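Visitor: Going down the list, the protein sequences come from chains A and B.
According to the working numbering, the first sequence is numbered sequentially starting from 1.
According to the working numbering, the second sequence is numbered sequentially starting from 1.
Because the hints were derived from the structure by calculation, they are not lab data.
Here the structure is a predicted model, which means the values were calculated and not measured.
Just so you know, even glycine gets a beta-carbon here, dropped at the ideal spot from N, CA and C.
Hints are not guaranteed to be accurate.
20 Å max Cα-Cα, derived PhoX-like pairs, lysine-lysine [to be verified]: (1) Lys478(B) with Lys228(A); (2) Lys478(B) with Lys426(B); (3) Lys398(B) with Lys169(B); (4) Lys169(B) with Lys472(B); (5) Lys169(B) with Lys228(A); (6) Lys253(B) with Lys60(B); (7) Lys4(B) with Lys180(B); (8) Lys77(A) with Lys35(A); (9) Lys308(B) with Lys273(A); (10) Lys124(B) with Lys297(B); (11) Lys190(A) with Lys238(A); (12) Lys169(B) with Lys164(A); (13) Lys190(A) with Lys164(A); (14) Lys119(A) with Lys188(A); (15) Lys228(A) with Lys279(B); (16) Lys279(B) with Lys269(A); (17) Lys412(A) with Lys402(A); (18) Lys398(B) with Lys87(A); (19) Lys119(A) with Lys87(A); (20) Lys488(B) with Lys472(B); (21) Lys23(B) with Lys253(B); (22) Lys308(B) with Lys253(B); (23) Lys338(A) with Lys412(A); (24) Lys370(A) with Lys402(A); (25) Lys392(A) with Lys338(A); (26) Lys164(A) with Lys431(B); (27) Lys308(B) with Lys297(B); (28) Lys279(B) with Lys188(A); (29) Lys344(A) with Lys412(A); (30) Lys34(B) with Lys180(B); (31) Lys164(A) with Lys426(B); (32) Lys228(A) with Lys472(B); (33) Lys119(A) with Lys190(A).
Simulated coverage check for chain B against chain A, where a stretch passes if three residues somewhere in it have a Cβ under 8 Å from a Cβ of chain A [stated by the list, open to error]: (34) 93 to 104; (35) 176 to 189; (36) 275 to 283; (37) 467 to 479.
Each pair of labels, with its calculated beta carbon distance range [to be verified]: (38) Glu277(A) with Arg399(B): 53 to 63 Å; (39) Arg272(A) with Lys136(B): 52 to 62 Å; (40) Ser307(B) with Gly275(A): 52 to 62 Å.
Residues per chain, in single letters:
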Amino acid sequence: MEPSEIPMLSYDVVVIGGGPAGMAAAARARELGLKVLLLEENDYLGGILPQCIHPGFGIHYFREELTGPEFASRLAKRLVELGVEYKTAARVIEIENYSDLEKVVVFASPGGVCQVWTKAIIYAAGARERHAFEIGIAGDRVSGIYTAGEAQTLMDIYGVLPGKEIVIVGSGDVGLIMARRFALEGAKVKAVVELMPYPGGLARNVMILRDFNIPLYLSHKVVEVRGKGRVQRVKVVKVDENFQEVPGSEFWIEADTLIISAGLIPSVKPLRKIGVEIDPATGGPVVNDRLETSVPGIFAAGNSLVINDLVDYVAEQGELAAEGAREFIENGGIGSRKWVKVEKGPNVRLVVPHYLSGERDVYLYLRVAKPMEDVELRIPEIGKRLRLPVVKPAEMIRFRLKAGEIQRAEGKLTVEVVKA
Amino acid sequence: MKTKVAIIGAGISGASIARVLSKYENLEVHLIEKAPDVGWGVSKANTALIHGGYDDDPDKYPTRARLCIRGNRLWHQWVKELQIAHVWNGALIVALQEEDFDELERLLERGRKNGVPEMRMVEKEELFHLEPGLTKEAIGALWVPIVGQIAPIPAVIALVENAVANGVKTHLETEVRGIKVEKGEVRGVETSDGFIEADVVINAAGLYADEIARMAGIEYFEIHPRKGEYFLFDDDVPGPRRVLFPTPTPISKGIVVTTEISGHLMIGPNAQDLPPEEKDNLATTREGLEEVWEGAKKLWPQLPPRSKVIRTFAGLRPEPTGGDFIIKAEEEVWGFINVAGIRSPGLTSAPAIAYEVAGIIQRDLGIRLIEKSGWNPYRREITHFFMLSPEKANEIVKRNPAYGKVVCRCNNVSEGDILEAIERMKFIGVKTPSVDSIKFRTKATTGTCQGSFCRPRIVQLLAGEYGVEPWKVTLKGKGSEIGIGDVKALLRGEE
């Protein structure tokens, strides 16, 4: 067969990923008059949302509390109303960057393999979960070990109950929500095991533990799983303030299921391949205030950019990336400016975006390294101070900087969170 | 009248024997395996090397020494006939101190005696040319170009598919409970699934070969398990180009650093002897893994952070009394052939073991083997979407849209690949649907996310094709079901 038999399409923007970031990006790009194609590898739009059947979505973005499927269907409806072209069951297998305004996305779908020439790419492929091997759990390789997301897919997409006696690793939002999900289906959640000395989830989700009488082991970790065929018991160890195991503190919990909810990692392998610079703190790409990566014309949004705790911020980032793509296409590039670099000061674990132009107001997304009470978020270079009663690593801080404030900076802005 | 042959154990040895015996017109070959699928015992977890044949002392372990080099040569042919993924990348046995050269000289000498071609010592400069990432402590090495790697379970699958295509009958999920012997001659095999009549019984039962032999009244050897643990890293972690061994010690070839054929850096194994009753102890241990990590670091200092580990696993080698392979027709039980104690280099030796057994049948049992005229040496590898060019992929997708639907996003395994794997499972008689059967045939679930995205989808495909409820699909056979029922099972008071 001749290579020419691969169909060739042409768009202004290809959005990779049909979750909330991708859908919001595609809709906004279309509103801005761009010819846009959205590619989603699942059979349905929504990314991870259709399996998140609990409420708590959309308070900022839709000013209404919705479930995951409801949030997803609102965005999907908007796509359809705007006439956005999208393909489901479409897996991107190659991204090539020929020049700033010439990129090729190759995707496979049941209709065949296709290549798309595009000027800009918005990468919104989401994140993956850490699994048991990554967090050093030894023992038998048996059935009954799932990441929280996989357990959620099994239960809420495929209608399968994984087990009845559950131990959950990680007290982040996903772990806590799965603890409730299992309890609601009649399973016994025997423990939530958290490495840190404080719970990892939002306060409203930590309440779940009390509601369902679920024991929480702080400063503990699961180190081993044993069983024949199926998980039978898991070994838990206490850790000290340096995360070193306390000798003699081991104990076993009988359970048939171990759920790993040990954090998310942006899915950025295809970006790495084409040379996009990655921030080790976020695991996502380094971006400017248009959410453009270090490769011109490639934008990132949602959990591929930075792990968010609210879907509303994810959708917001999608729209922002679309606006960036429009500027990029109209001007043939975002243009070089006197970028102001955002630097991390005390108790700031990550901050996005990394470079600011000072031409517009921006939202900064930030996470602290450790919980603190009665603090100030400060940017000393411009004398900015923001009083915060409490900060936690679990809760992303989002705050606005005005163009004028950014312009006052000389080369860099240092963000710090310190005692008020 | 055909001679009925029962082979116990569908690992690399049993499968190789089945393939070779499938060549003969006058044999009716039955391959019996207690696991739901083939290759799940000793063959499943090992270093996946086709060794060079320099390692085994011909005076102490004559069978190992002889069959290893012959097996290596045969694999060069078999991987082509059976389309088994392989790489012939050679091995370096690395010296870190002056004394190591004495041992390397001994290995070179022994290799020459065993008939290993093209081995030679390399000096520091050439060593780093061959392997730039090696520890700077290295001062020289023995270079063995004929060393290679294959994927062991896919190799067993290929052998069994070819054997079945040539008339071998499989009995999977069939446990051997007794060997019927009358007047000093074998008559057949009692199994969990009835009696299988046999004139020749070949015991290739891996870790359980001593127990099977005892069923026939043969008790002169025992098998004890020796555990080895491994780390596998994400495919973006750079690994060596060659197989790197430390200079061996009298008890072990040492902890290997290699890039396995799917492109993942792999380190291991250590060696821990377990008591004979722990033949199913496949648990990794924190101590063992630590030992592997420290050992590997000596050759490959730039090990990545632990967060780049995508899998740890353990394998068991069957260590026989005396240390050498036990491959012989037992005189006191006519028709009973032991293929026991096939520890390292068992994977390498397997094709040679198979011909050895055919020879034993002719020579010692006096059965003249008549070759089939229509024996087919070839077997086609399953379609791997990730290996296709876009043009080729397009062509295949046009014929069957399932090939255009990617299920495993880490390794780009398509629904078509998986459906083809299920067909192949059914072809060799796999009765219980399991995710591992798909994993070993397609590489789905072996990538960065370790199946957390694709496993539920694979379960659904298996459930559909096997006509069972999705929660009854297993990870690796009965007792490892994916779930306990539908999502409301507990609320309805079931379980």
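Visitor: All the hints need checking, so say for each whether the structure fits it.
Guide: Cross-check of the supplied hints:
Distance restraint check for Lys478(B) and Lys228(A): the Cα-Cα separation of roughly 10 Å lies within the 20 Å cut-off, and the hinted pair is therefore satisfied. A distance of roughly 17 Å separates the Cα atoms of Lys478(B) and Lys426(B); the hinted pair therefore holds under the 20 Å criterion. Simply put, Lys398(B) and Lys169(B) have alpha-carbon atoms about 35 Å apart, too far for the 20 Å limit, and the pair is violated. The hinted pair formed by Lys169(B) and Lys472(B) fails the criterion: a straight-line CA distance of about 27 Å is larger than 20 Å.
For the suggested pair Lys169(B) and Lys228(A), the alpha carbons sit about 29 Å apart, so the restraint of at most 20 Å is broken. Distance check on the hinted pair: Lys253(B) and Lys60(B) sit about 16 Å apart at the alpha-carbon level, within 20 Å; holds. As the CA atoms of Lys4(B) and Lys180(B) are separated by approximately 14 Å, the hinted pair is consistent with the 20 Å bound. For the given pair, Lys77(A) sits about 18 Å from Lys35(A) by alpha-carbon distance, which is consistent with the 20 Å threshold.
Between Lys308(B) and Lys273(A) the alpha-carbon distance is near 17 Å, which keeps this suggested pair within the 20 Å criterion. Distance check on the hinted pair: Lys124(B) and Lys297(B) sit about 19 Å apart at the alpha-carbon level, within 20 Å; holds. With a C-alpha separation of about 17 Å, the suggested pair Lys190(A) and Lys238(A) falls inside the 20 Å cut-off, and the hint holds. The suggested pairing of Lys169(B) with Lys164(A) is violated, with an alpha-carbon distance near 40 Å, which exceeds 20 Å.
Among the hinted pairs, Lys190(A) with Lys164(A) is consistent with the structure: their alpha-carbon atoms are about 10 Å apart, no more than 20 Å. Taking the CA atoms of Lys119(A) and Lys188(A), the gap is about 52 Å. The hint is violated against a cut of 20 Å. This hinted pair checks out: Lys228(A) and Lys279(B) have alpha carbons roughly 13 Å apart, not beyond 20 Å. Pair hint Lys279(B) plus Lys269(A) does not hold up; C-alpha atoms about 40 Å apart against a cutoff of 20 Å.
With a CA separation close to 15 Å, the supplied pair Lys412(A) and Lys402(A) stays within the 20 Å bound. For the given pair, Lys398(B) sits about 17 Å from Lys87(A) by alpha-carbon distance, which is consistent with the 20 Å threshold. Our distance criterion of 20 Å between C-alpha atoms is met by Lys119(A) and Lys87(A), whose separation comes to about 19 Å. For the suggested pair Lys488(B) and Lys472(B), the alpha carbons sit about 15 Å apart, so the restraint of at most 20 Å is met.
Only pairs whose Cα atoms come within 20 Å are accepted, and Lys23(B) paired with Lys253(B) is rejected, the gap being roughly 35 Å. For a cut-off of 20 Å, the pair hint linking Lys308(B) to Lys253(B) is broken: about 26 Å separates their Cα positions. For the proposed pair Lys338(A) and Lys412(A), the alpha carbon gap of about 10 Å is at most 20 Å, so the pair holds. With a CA separation close to 27 Å, the supplied pair Lys370(A) and Lys402(A) exceeds the 20 Å bound.
Among the hinted pairs, Lys392(A) with Lys338(A) is inconsistent with the structure: their alpha-carbon atoms are about 33 Å apart, more than 20 Å. For the proposed pair Lys164(A) and Lys431(B), the alpha carbon gap of about 27 Å is over 20 Å, so the pair is violated. At roughly 15 Å between alpha-carbon atoms, Lys308(B) and Lys297(B) fall within 20 Å of each other, so this suggested pair holds. Among the hinted pairs, Lys279(B) with Lys188(A) is inconsistent with the structure: their alpha-carbon atoms are about 33 Å apart, more than 20 Å.
For the suggested pair Lys344(A) and Lys412(A), the alpha carbons sit about 10 Å apart, so the restraint of at most 20 Å is met. With a C-alpha separation of about 18 Å, the suggested pair Lys34(B) and Lys180(B) falls inside the 20 Å cut-off, and the hint holds. For the hint linking Lys164(A) to Lys426(B), the alpha-carbon distance of about 32 Å lies beyond 20 Å, and the restraint is violated. For a cut-off of 20 Å, the pair hint linking Lys228(A) to Lys472(B) stands: about 17 Å separates their Cα positions.
Between the alpha carbons of Lys119(A) and Lys190(A) the distance comes to roughly 52 Å, so the proposed pair goes past 20 Å and is violated. Residues of the stretch 93 to 104 of chain B lying with their CB closer than 8 Å to a CB of chain A number 0, which falls below the three-residue condition for coverage. Requiring three or more residues with a Cβ within less than 8 Å of a Cβ of chain A, the coverage given for the stretch 176 to 189 of chain B is violated, as only 0 such residues are present. Given as covered by chain A, the stretch 275 to 283 of chain B passes the check, having 3 residues with a CB less than 8 Å from a CB of that chain where 3 are the minimum.
With a cut-off of 8 Å between beta carbons, the stretch 467 to 479 of chain B has 8 residues touching chain A; three or more are needed, and the interface restraint holds. For the pair Glu277(A) and Arg399(B), the supplied restraint of 53 to 63 Å is violated, since their beta-carbon distance comes to about 41 Å. A beta carbon spacing of about 28 Å between Arg272(A) and Lys136(B) contradicts the range 52 to 62 Å that was offered as a hint. Taken as a hint, the range 52 to 62 Å is violated for the pair Ser307(B) and Gly275(A), whose Cβ atoms sit roughly 22 Å apart.
Comparing the model with each numbered hint stated earlier shows that hints 3, 4, 5, 12, 14, 16, 21, 22, 24, 25, 26, 28, 31, 33, 34, 35, 38, 39, 40 do not hold.
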